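Visitor: Just need the whole structure built from these sequences, with the hints factored in.
2 protein chains.
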Amino acid sequence: MGFFKIIKKDARSQARTGLLKLGKISVDTPVFMPVGTKATVKALTAHQLYDMGCKIILGNLYHLYLQPGIEIIKKAGGLHRFMHWDYNILTDSGGFQVFSLGDIRKVKDEGVEFKSVIDGSRHFFSPEKVIEMQSDLGSDIMMVLDECIPYTEDLRYTQDAAKRTLDWAQTSIKAKNKITSKGALFGIVQGGFIRQVRKFCAQSISEMDFEGIAIGGLSVGEDRGTTMEILAYTLDYIDRKKPIYFMGLGDPLGLMEAVQCGVDMFDCVLPTRISRNGSAFTDFGKINIKNSGYGDDFRPLSSSCGCYACKHYSRAYIRHLYKSNEILASILLSVHNVYFLFDLLNRAKEAIRADGFSQFHRRFVHHYTNG
Amino acid sequence: MGFFKIIKKDARSQARTGLLKLGKISVDTPVFMPVGTKATVKALTAHQLYDMGCKIILGNLYHLYLQPGIEIIKKAGGLHRFMHWDYNILTDSGGFQVFSLGDIRKVKDEGVEFKSVIDGSRHFFSPEKVIEMQSDLGSDIMMVLDECIPYTEDLRYTQDAAKRTLDWAQTSIKAKNKITSKGALFGIVQGGFIRQVRKFCAQSISEMDFEGIAIGGLSVGEDRGTTMEILAYTLDYIDRKKPIYFMGLGDPLGLMEAVQCGVDMFDCVLPTRISRNGSAFTDFGKINIKNSGYGDDFRPLSSSCGCYACKHYSRAYIRHLYKSNEILASILLSVHNVYFLFDLLNRAKEAIRADGFSQFHRRFVHHYTNG
Numbered sequence: 073m074g075f076f077k078i079i080k081k082d083a084r085s086q087a088r089t090g091l092l093k094l095g096k097i098s099v100d101t102p103v104f105m106p107v108g109t110k111a112t113v114k115a116l117t118a119h120q121l122y123d124m125g126c127k128i129i130l131g132n133l134y135h136l137y138l139q140p141g142i143e144i145i146k147k148a149g150g151l152h153r154f155m156h157w158d159y160n161i162l163t164d165s166g167g168f169q170v171f172s173l174g175d176i177r178k179v180k181d182e183g184v185e186f187k188s189v190i191d192g193s194r195h196f197f198s199p200e201k202v203i204e205m206q207s208d209l210g211s212d213i214m215m216v217l218d219e220c221i222p223y224t225e226d227l228r229y230t231q232d233a234a235k236r237t238l239d240w241a242q243t244s245i246k247a248k249n250k251i252t253s254k255g256a257l258f259g260i261v262q263g264g265f266i267r268q269v270r271k272f273c274a275q276s277i278s279e280m281d282f283e284g285i286a287i288g289g290l291s292v293g294e295d296r297g298t299t300m301e302i303l304a305y306t307l308d309y310i311d312r313k314k315p316i317y318f319m320g321l322g323d324p325l326g327l328m329e330a331v332q333c334g335v336d337m338f339d340c341v342l343p344t345r346i347s348r349n350g351s352a353f354t355d356f357g358k359i360n361i362k363n364s365g366y367g368d369d370f371r372p373l374s375s376s377c378g379c380y381a382c383k384h385y386s387r388a389y390i391r392h393l394y395k396s397n398e399i400l401a402s403i404l405l406s407v408h409n410v411y412f413l414f415d416l417l418n419r420a421k422e423a424i425r426a427d428g429f430s431q432f433h434r435r436f437v438h439h440y441t442n443g
Numbered sequence: 073m074g075f076f077k078i079i080k081k082d083a084r085s086q087a088r089t090g091l092l093k094l095g096k097i098s099v100d101t102p103v104f105m106p107v108g109t110k111a112t113v114k115a116l117t118a119h120q121l122y123d124m125g126c127k128i129i130l131g132n133l134y135h136l137y138l139q140p141g142i143e144i145i146k147k148a149g150g151l152h153r154f155m156h157w158d159y160n161i162l163t164d165s166g167g168f169q170v171f172s173l174g175d176i177r178k179v180k181d182e183g184v185e186f187k188s189v190i191d192g193s194r195h196f197f198s199p200e201k202v203i204e205m206q207s208d209l210g211s212d213i214m215m216v217l218d219e220c221i222p223y224t225e226d227l228r229y230t231q232d233a234a235k236r237t238l239d240w241a242q243t244s245i246k247a248k249n250k251i252t253s254k255g256a257l258f259g260i261v262q263g264g265f266i267r268q269v270r271k272f273c274a275q276s277i278s279e280m281d282f283e284g285i286a287i288g289g290l291s292v293g294e295d296r297g298t299t300m301e302i303l304a305y306t307l308d309y310i311d312r313k314k315p316i317y318f319m320g321l322g323d324p325l326g327l328m329e330a331v332q333c334g335v336d337m338f339d340c341v342l343p344t345r346i347s348r349n350g351s352a353f354t355d356f357g358k359i360n361i362k363n364s365g366y367g368d369d370f371r372p373l374s375s376s377c378g379c380y381a382c383k384h385y386s387r388a389y390i391r392h393l394y395k396s397n398e399i400l401a402s403i404l405l406s407v408h409n410v411y412f413l414f415d416l417l418n419r420a421k422e423a424i425r426a427d428g429f430s431q432f433h434r435r436f437v438h439h440y441t442n443g
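So the protein lines, in turn, are chains E and Z.
Residues in the first sequence are numbered consecutively from 73, following my numbering.
Residues in the second sequence are numbered consecutively from 73, following my numbering.
If you are wondering where the hints come from, they were derived from the structure by calculation, not from laboratory data.
Being a predicted model, the structure only gives us computed values, none of them experimental.
Treat the hints with caution; some may be incorrect.
A pair counts as met if it fits within one copy or between any two copies, since identical chains are not told apart.
In the EDC-like style, the derived pairs of lysine to aspartate or glutamate whose C-alpha atoms are separated by at most 20 Å in a straight line are [what the hints assert, rightly or not]: (1) LYS383 - ASP123; (2) LYS395 - GLU143; (3) LYS314 - ASP281; (4) LYS96 - ASP158; (5) LYS146 - ASP369; (6) LYS187 - GLU143.
Guide: Next comes the structure, spelled out in structure tokens:
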């Protein structure tokens with residue numbers, strides 16, 4: 073088999089299960105990839121992730137480039153050894169981060185110039201350079217440099233940016249062929265919220281020699297209806313034989329909708345970020361542990377959850393930790409929220425195998441939104 | 073056997089190994105008890121502590137009384153269940169904390185009145201009440217209420233405070249006999265830095281029916297020489313058949329000196345506190361991971377250490393985490409520093425068994441202080 077194999081298609085939706093053949097260990101899809109921006113999934117040890125069944129995490133070239141620097145990680149023997157993560161790592165090129173910098177970056181046809189947020193020093197990312205650096209990190213899946221534009225851009229700029237992103241995609245493939253990286257390379261479909269540009273990008277990226285296709289530039293501030301409309305439209309022009317990766321989506325309802333459309337891979341800082349804010353996913357919606365009602369609630373965060381936090385600790389205890397500013401609150405909530413998404417996708421896979429994803433999806437939405 | 077058994081005395085020092093017969097699991101001494109003030113050893117899960125061989129931790133009545141409140145913990149089924157800790161818990165009475173409050177507390181012969189630092193509400197701790205509450209928590213070792221005085225107090229106040237502490241000790245024993253707690257009760261020797269008062273306290277507490285004897289009011293700001301001089305002097309008047317607990321000592325050199333004098337039990341916030349500040353114990357002294365020299369140092373924190381952090385992570389990585397404000401830095405350093413003290417005491421026990429503690433001690437001090 074090749075890099076990706078579709079195992080089972082749901083009979084009544086686009087949802088599907090698949091297998092990513094990756095260097096370290098194969099990964100079942102649909103999969104949620106926890107974000108380890110700075111070489112750590114916030115508040116979690118590698119072993120807590122192993123215990124949850126995590127087989128792939130994200131790293132971010134942009135952040136690692138600034139701190140501790142690519143040279144240090146190379147010297148350590150690559151990102152896996154540096155952060156003691158034996159399974160797979162997908163590295164983001166940093167396009168999204170650089171383009172979030174606003175005034176302190178400048179886009180050129182050859183790449184993007186930006187100032188370090190740490191010390192103000194000037195740097196330049198080109199499509200070739202980000203591939204080389206991701207290869208230096210030892211990335212299992214590398215992402216091309218792309219230009220991620222704001223929700224509000226007009227047709228002209230959207231087209232210009234899309235053209236650059238497509239040119240960079242071509243350059244990236246050439247760059248990758250020049251080096252000996254064992255990592256896979258994914259292209260990224262941009263095109264803002266303008267259908268004709270999205271369509272052109274989706275078709276162009278599909279025709280190129282990428283192992284997988286990412287959809288970028290969505291879930292950047294627009295309402296959920298728009299996200300899903302553009303997602304579904306974009307998917308119509310994507311080569312569905314390849315694994316499809318929705319960048320930056322991580323809420324349970326969003327995941328389920330995208331799985332229904334046929335998306336295979338997800339990442340998002342959401343589950344770990346809301347943890348540090350006291351929130352927890354449950355099958356009956358998100359709860360916030362700060363709520364005084366949980367003060368003497370000795371049930372687990374989620375009764376049906378099998379995570380370490382739910383097996384051993386109560387809402388009352390985690391609320392106490394949170395109110396006492398104890399680090400363990402962030403740890404336990406992070407364990408729970410990441411596990412919750414893993415478990416949700418495992419349940420989704422089961423439903424797909426039984427040709428019952430739509431029903432599973434409807435039920436999940438019903439419980440999640442009606443509390 | 074009774075509550076405490078001395079297993080082996082070192083031939084050439086007062087150092088000794090022993091066994092505390094506690095309800096949940098027996099504990100080898102000398103032992104360091106990590107501090108879980110607010111029902112959590114900061115930054116560590118229960119299982120990380122189990123994995124290190126931890127069999128007893130501290131809880132603090134004063135903090136738990138204020139947040140979440142004793143009623144909540146009673147409702148949870150006790151402190152062990154609340155915080156999911158299956159082994160032993162020693163609870164401090166809160167004397168030290170209340171007496172640290174300065175202006176917002178008032179000592180009376182019947183107990184001590186104080187204002188909550190959380191909401192300013194008024195509270196009263198009596199010797200009876202702190203025993204009852206520790207019993208409600210399900211404490212395995214309860215501490216009496218004592219009056220901890222500043223380093224600088226004069227003879228008159230030192231004597232008055234000591235008298236109150238001894239009266240409270242008597243009251244505490246009566247209070248404990250009235251309830252059905254299975255916990256052991258430890259008396260506390262106070263007496264400031266005045267020899268005659270220390271001696272009187274040591275003798276008086278030794279004559280009372282306590283399962284163990286704690287030495288309080290040391291390591292409160294005085295120099296180390298004074299601490300050890302008063303410690304050694306105090307120990308001369310203590311019933312050495314009982315387990316002896318030095319409250320609030322946790323640096324490697326201090327532990328070794330006190331073990332040499334015959335102390336069996338220790339607690340301190342130090343190992344977890346310095347972790348959040350980037351420091352790590354090693355056999356060659358304390359290092360601070362912020363130091364730029366560690367930027368490309370791929371050795372573990374301590375080469376001879378078998379802790380989770382040292383087995384899997386490098387100084388360079390932990391430095392990167394620390395500089396990036398990542399929670400995992402605190403977690404890994406806390407794992408290491410607590411484990412380091414456990415391991416140090418295990419090595420001390422081995423040396424005692426081989427009648428070689430003094431030599432072990434000298435060597436340790438030599439390496440630790442010469443870097």
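Visitor: Hint by hint, say whether it matches the structure.
Guide: Evaluated hints:
1. LYS383 - ASP123: both (13 Å within a copy, 18 Å between copies)
2. LYS395 - GLU143: between (41 Å within a copy, 17 Å between copies)
3. LYS314 - ASP281: within (11 Å within a copy, 76 Å between copies)
4. LYS96 - ASP158: This pair counts as within: shortest intra-copy Cα distance 7 Å, inter-copy 37 Å.
5. LYS146 - ASP369: Answer is between: at 13 Å across copies they meet the 20 Å cutoff, but 48 Å inside does not.
6. LYS187 - GLU143: Answer is within: at 19 Å inside a copy they meet the 20 Å cutoff, but 55 Å across does not.
Every hint from the earlier list agrees with this structure, and none is contradicted.
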